[in-house]
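Peer 1: Chain order of the listed sequences is A and B. One point on numbering: in my numbering, the residue at position 190 of the first sequence is 190, and numbering is uninterrupted. Add 1000 to a position in the second sequence, counting from 1, and you land on the number used in my numbering.
Simulated from the structure, these hints should not be mistaken for laboratory data. Ideal placement from N, C-alpha and C gives every residue a C-beta, glycine not left out. It is possible that some hints are incorrect.
If you want a taste of the chain A side facing chain B, the calculated C-beta under 7 Å gives, among others [to be verified]:
1. E53
2. V98
3. G100
4. K121
5. V127
6. A136
7. A290
Estimated spans, in silico, between C-beta atoms of each pair [to be verified]:
8. A:P146 with B:E1265: 19 to 25 Å
9. A:P267 with B:R1155: 30 to 36 Å
10. A:G269 with B:R1199: 48 to 54 Å
11. B:E1265 with A:R189: 41 to 47 Å
12. A:P24 with B:R1184: 35 to 41 Å
13. B:G1151 with A:P218: 48 to 54 Å
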Amino acid sequence: MSQAKSERLMNLVIALLVARTYLPKARLRQVVGGYGDQSDEAFERMFERDKDELRDLGIPIETGSEDPFAPDEEIGYRIRRSDFELPPVSLEPDEAAVLGLAARVWQHATLAEATGRALLKLRAAGVETDTRALAAVEPRLAAEEPAFWPLWEAVRDRRRVSFDYHKPGSGSAEHRHLEPWSVLSWHGRWYVVGRDRDREAPRMFRLSRVAGPVGTGPPGAFPDPGADEVRRSAASLAPPPVSGTASVRVRHGAAWGLRRRAVATRPDGAGWDVVEVPYADDWLLAEEVAGYGSAALVLAPEDVRAHVLARLRAVAGSGAV
Amino acid sequence: MSAGAQEQVSRLLLMLPYLLAHPGVRVSEVAQLYGVSELQVVRDLNVLWFSGLPGLAMGDYIEVDMEAVEGEGVINVSNADYLARPLRLGTDEALALLVAVRTLAAIPAAGDRDAVDRVVAKLERAAGEAAERALAVRVELDADARGEVAGSVRRALTDRRLLHLSYWVPGRDERTERDVDPMRLVVVEGRPYLEAWCRRARGVRLFRLDRVEAAYVLDVPAEVPPHARPRDLAAGLFQPSPDDDLVTLDLDPSARWVGDHYPCESVEDRDDGSRRIRLRTPDPRWVRRLVLRLGGAARIADPPELVEAVRRDAREALTAYDVHLGSGTAAAG
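Using the sequences and the hints given, assemble the complete structure.
Peer 2: Structure below.
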């Protein structure tokens, strides 16, 4: 019956938690109700299963021996209080409001539940969360890609993975093997970075391009790469550094995307300004300016102007199907 | 019944510290907090009643006042000081919570940045080992809003004030001035937006915070009309209307991404890597701008008047270079 089992598990937790020394199995059999009346074999099975179930809940049951010179003699069990208990946490009112808001972030069911459980634990520890504050804020973090959860687990447990991947700009999928280091959301899209085992180098993959199921291997299959390595591998997502400043002649009331980034703006004849715009990449800037058509003209540098003109000519000459 | 017992023990370890810290708490309140029925709370208390120190001699049992539970519906538990603290955070719990809080740090108007940083530090300390894996998950929002804009938006939301916005609309290349009644701040597809009733458009609009050029809180109470409804964002940000213009685009392989990036009515992939897409837009100016940007890698196939309009845009731009920068620049027009 469930109640009897719950009682047995509770009593086992308490016995292991209050023990000053490692408790041998035989001792646990005596003091924890429900074990005593079992046959040796049934007790062994029951005890192993109970231990596994408690460990599943995150309860750190240690195995060891009191006698350092005979570690194999009399193996015993205990729960170290410092590993078991949530350390003290106390929050200021403005911090409590942050936690209240955090409860609403995850749209992913499993992680929303995990967040809820974490908050219940904090609450049980006397931390009040303020759910009324900032009611008008809805921070939503979605993770709808089917590959998200298997990859989250693989990163968490350091499992190797393999999956079919659609390369950008090509119609076909390729089978890839990865040691996943980190999943990250960049501007609303999820990526995984890790060591590509075929290329033997760090690579990044967009989760929405993973096709079909993700194959996962056993836990602890590769070492932690370290925070620096992970950060370096994800650096390609960050905007590239500024490489120069362009002068662009912009019509009044237009080219707002350039105007708002301008470090300097000066009038240039009737109806026009010249803006100085920092940029990172010739091509990207040329693309942006071309989009404004006759409302924005690159004065310098010449390379960027040449790119813009090439684009405009291609469009002016093309068209009909 | 094995999963049942495991779940029950997990809940009891969570509940017991709360019960010890809140003597006389109501059964109904506990049921609500843990998402179970009141009957289940009573069953849980029955398990506690039979638990205690090893050997379970007199005085070893956890004391539960079952009469008060049955009678007044309140819970008093004692003699269980060894379980006065909840279990530490599991890896998923610590990760999920830390990622959630860090996400808030990236939302400019969500709250005090400093408070968010303090919470992260406290949680990392409390989570211990589990937090070490927290680097395994990162969230970066595109939240490049100007500091004073974030402050004004937050103030208008909390104080329920009318807000004046200078707002950039890139699709039309316009900077607009409008008064809005703030409704909520939402994060969609990694970007923070203010949802508000726009008095100029007389409708509910979403304003991307990084496109707000300036925001002033006005000394006028916000009045969101009762019929204004927040948009259902589950279906995504861009919800084309059947009245919008239908545009057919042919994309070279280098511009295929357009079909992934914007919601399309149809996508037709060809063997050579090119694709044909059809999409709806309320404003064809946006499509003209996109085609100019892509410089020949995307061609409009339909409607014909848009084909001509884009070509004219490009020719006008080439002429402008000629006029402003002297002859020769646009030679091959």
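Peer 1: Now look at each hint and say whether the structure bears it out.
Peer 2: Hint-by-hint comparison with the structure:
no.	hint	result
1	E53	holds, 5 Å
2	V98	holds, 5 Å
3	G100	violated, 10 Å
4	K121	holds, 4 Å
5	V127	violated, 9 Å
6	A136	holds, 4 Å
7	A290	holds, 5 Å
8	A:P146 with B:E1265: 19 to 25 Å	holds, 24 Å
9	A:P267 with B:R1155: 30 to 36 Å	holds, 35 Å
10	A:G269 with B:R1199: 48 to 54 Å	violated, 37 Å
11	B:E1265 with A:R189: 41 to 47 Å	violated, 22 Å
12	A:P24 with B:R1184: 35 to 41 Å	violated, 59 Å
13	B:G1151 with A:P218: 48 to 54 Å	holds, 50 Å
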